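Using the sequences plus the hints, can you model the full thing?
Each protein sequence line maps, in turn, to chains A and B.
Here the first sequence stands for residues 1 to 189, where the numbers follow full-length UniProt numbering.
Here the second sequence stands for residues 1 to 189, where the numbers follow full-length UniProt numbering.
Treat the hints as calculated values from the structure; they're not laboratory data.
Keep in mind that the hints are not guaranteed to be accurate.
[To be verified] Straight-line C-alpha distance at most 20 angstroms; calculated EDC-like pairs for lysine to aspartate or glutamate:
1. A:Lys67 - A:Glu80
2. B:Lys51 - A:Glu26
3. A:Lys156 - A:Asp170
4. A:Lys122 - B:Glu114
5. B:Lys156 - B:Glu119
6. A:Lys51 - B:Glu114
7. B:Lys122 - A:Glu114
8. A:Lys156 - A:Glu119
9. B:Lys156 - A:Glu119
10. B:Lys122 - B:Glu160
11. A:Lys51 - B:Glu26
12. B:Lys51 - B:Glu22
13. A:Lys122 - B:Glu119
14. B:Lys156 - B:Asp173
15. A:Lys156 - A:Glu80
16. B:Lys122 - A:Glu119
17. B:Lys51 - A:Glu114
18. A:Lys51 - A:Glu22
19. A:Lys51 - A:Asp18
20. A:Lys156 - B:Glu141
21. B:Lys156 - B:Glu92
22. B:Lys51 - B:Asp18
23. B:Lys67 - B:Asp87
24. A:Lys122 - A:Glu92
25. B:Lys156 - A:Glu141
26. B:Lys156 - B:Asp170
27. B:Lys156 - B:Glu100
28. B:Lys67 - B:Glu92
29. B:Lys67 - B:Glu141
30. B:Lys122 - B:Asp50
31. A:Lys51 - A:Glu114
32. A:Lys51 - A:Glu26
33. B:Lys156 - B:Asp87
This one's a predicted model, so the numbers in the text were calculated from it and none came from an experiment.
Protein chains: 2
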Amino acid sequence: MARWQPNASQRLVAAALDLFAERGYENTTVIDIARRADLTKSTFFRYFPDKREVLFGGDTMTGLLAKGIAAAPATATPLEAVAHVLDAVGREAFTPDRREFTARRRAVIATHPELQEREALKGLALTAALAGALQRRGVPELTARVAAELGALAMKIAFERWSDTANGDDFADLARRTLRDLQEATASC
Amino acid sequence: MARWQPNASQRLVAAALDLFAERGYENTTVIDIARRADLTKSTFFRYFPDKREVLFGGDTMTGLLAKGIAAAPATATPLEAVAHVLDAVGREAFTPDRREFTARRRAVIATHPELQEREALKGLALTAALAGALQRRGVPELTARVAAELGALAMKIAFERWSDTANGDDFADLARRTLRDLQEATASC
Chain A
1 MARWQPNASQ
11 RLVAAALDLF
21 AERGYENTTV
31 IDIARRADLT
41 KSTFFRYFPD
51 KREVLFGGDT
61 MTGLLAKGIA
71 AAPATATPLE
81 AVAHVLDAVG
91 REAFTPDRRE
101 FTARRRAVIA
111 THPELQEREA
121 LKGLALTAAL
131 AGALQRRGVP
141 ELTARVAAEL
151 GALAMKIAFE
161 RWSDTANGDD
171 FADLARRTLR
181 DLQEATASC
Chain B
1 MARWQPNASQ
11 RLVAAALDLF
21 AERGYENTTV
31 IDIARRADLT
41 KSTFFRYFPD
51 KREVLFGGDT
61 MTGLLAKGIA
71 AAPATATPLE
81 AVAHVLDAVG
91 REAFTPDRRE
101 FTARRRAVIA
111 THPELQEREA
121 LKGLALTAAL
131 AGALQRRGVP
141 ELTARVAAEL
151 GALAMKIAFE
161 RWSDTANGDD
171 FADLARRTLR
181 DLQEATASC
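Structural data, given as structure tokens:
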């Protein structure tokens with residue numbers, strides 16, 4: 001087997017997703033995943049620290065959110081900066097060609113508490129990344145935390161709608177609309 | 001050993017907390033916890049499904065939140081109903097005599113990702129319980145979700161302050177004040 005494997009990380013993710021769906025998360029080992037991807041166990045561990053992390057690999061989203069907030073115009077309100085990030089997420093992460101994969105990933109996560117727990121902790125990290133990036137723009141702490149929660153909730157609701165493959169809308173459109181709806185909802189709280 | 005053990009559940013929780021703090025979560029077994037509490041492994045599993053759950057035992061908080069929302073006056077706005085719940089949490093869960101225990105529990109959770117993940121998932125469940133209870137009062141979905149997020153964030157911030165044992169304030173006072181501050185912060189988002 002060659003030392004360098006093209007797209008090893010993506011192949012491992014795809015193999016894991018297939019196997020988790022076919023025989024369940026509990027009944028799949030790291031060796032099974034590596035074998036299905038035609039790679040070795042040690043290659044797996046070069047990319048992911050454990051079996052769960054294969055579905056959450058790389059903290060690209062956290063970085064994307066922080067970068068997006070920093071890149072928003074200086075005059076943007078906290079929620080305008082959040083909307084700016086939602087565009088970036090639609091452009092760079094939840095692109096139309098990723099919808100089917102993302103829907104399958106979401107379905108697998110729903111099958112096992114261990115995956116749901118990891119996802120829950122990642123969600124907290126994303127919210128914290130948003131709040132931290134807003135504070136670095138000079139937004140006061142509580143305002144930053146509220147804007148981050150609204151942004152995270154908009155992402156979550158939009159993501160649920162977008163990863164329902166029957167829906168043809170762009171992620172960014174859905175997310176911006178959801179954020180506006182949430183902002184209106186705060187007025188009737 | 002007698003079949004009926006007074007306060008078995010509390011004794012197991014206290015023993016687990018001591019052992020996790022002394023030798024680490026990873027290096028503590030269910031047998032260690034049971035032995036320290038002068039109980040058997042099978043008694044442990046009568047109360048908790050696994051080692052982690054000993055720090056999250058019973059879904060009393062979820063029930064308390066749903067009950068509190070339902071008991072709020074019919075005329076209460078969503079956030080007034082949430083404030084009503086925060087009072088109930090201060091009265092029935094985060095009472096002054098629980099502060100030290102809660103601070104120790106929080107410190108132990110911070111030491112291990114597995115505990116943080118379980119806590120993160122429990123947090124999502126609490127937020128969902130709040131939102132669900134608000135919807136059952138007739139609050140529209142998005143408004144209920146926003147009010148639930150604000151309530152959960154108020155609980156979290158107030159809990160951080162309250163479980164800092166140097167702070168003498170009541171949980172309910174801290175939480176109500178935080179909720180008001182968050183509501184004001186939404187205006188500058």
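Now the hints, each set against the structure:
1. A:Lys67 - A:Glu80: Measuring from Cα to Cα gives roughly 14 angstroms; hence the hint holds.
2. B:Lys51 - A:Glu26: holds, 18 angstroms
3. A:Lys156 - A:Asp170: Between A:Lys156 and A:Asp170 the Cα gap is close to 14 angstroms, so the pair holds against 20 angstroms.
4. A:Lys122 - B:Glu114: Holds, at about 13 angstroms.
5. B:Lys156 - B:Glu119: holds, 12 angstroms
6. A:Lys51 - B:Glu114: Holds, at roughly 14 angstroms.
7. B:Lys122 - A:Glu114: holds, 13 angstroms
8. A:Lys156 - A:Glu119: holds, 12 angstroms
9. B:Lys156 - A:Glu119: holds, 19 angstroms
10. B:Lys122 - B:Glu160: holds, 16 angstroms
11. A:Lys51 - B:Glu26: Cα-Cα ~18 angstroms, so holds.
12. B:Lys51 - B:Glu22: Holds: B:Lys51 and B:Glu22 sit about 16 angstroms apart, inside 20 angstroms.
13. A:Lys122 - B:Glu119: holds, 12 angstroms
14. B:Lys156 - B:Asp173: holds, 14 angstroms
15. A:Lys156 - A:Glu80: This hinted pair holds, its Cα atoms lying about 18 angstroms apart.
16. B:Lys122 - A:Glu119: holds, 12 angstroms
17. B:Lys51 - A:Glu114: Between B:Lys51 and A:Glu114 the Cα gap is close to 14 angstroms, so the pair holds against 20 angstroms.
18. A:Lys51 - A:Glu22: Holds, at about 16 angstroms.
19. A:Lys51 - A:Asp18: Given that 20 angstroms is the threshold and the Cα spacing comes to 14 angstroms, the pair holds.
20. A:Lys156 - B:Glu141: holds, 14 angstroms
21. B:Lys156 - B:Glu92: holds, 17 angstroms
22. B:Lys51 - B:Asp18: holds, 14 angstroms
23. B:Lys67 - B:Asp87: holds, 12 angstroms
24. A:Lys122 - A:Glu92: holds, 18 angstroms
25. B:Lys156 - A:Glu141: Between B:Lys156 and A:Glu141 the Cα gap is close to 14 angstroms, so the pair holds against 20 angstroms.
26. B:Lys156 - B:Asp170: Judged against 20 angstroms, a Cα distance of about 14 angstroms means the pair holds.
27. B:Lys156 - B:Glu100: Holds, at roughly 17 angstroms.
28. B:Lys67 - B:Glu92: holds, 12 angstroms
29. B:Lys67 - B:Glu141: holds, 19 angstroms
30. B:Lys122 - B:Asp50: holds, 15 angstroms
31. A:Lys51 - A:Glu114: With a Cα-Cα distance of about 10 angstroms, the restraint between A:Lys51 and A:Glu114 holds, given a limit of 20 angstroms.
32. A:Lys51 - A:Glu26: holds, 10 angstroms
33. B:Lys156 - B:Asp87: holds, 14 angstroms
Figure legend: structure checked against the earlier numbered hints; every hint is met.
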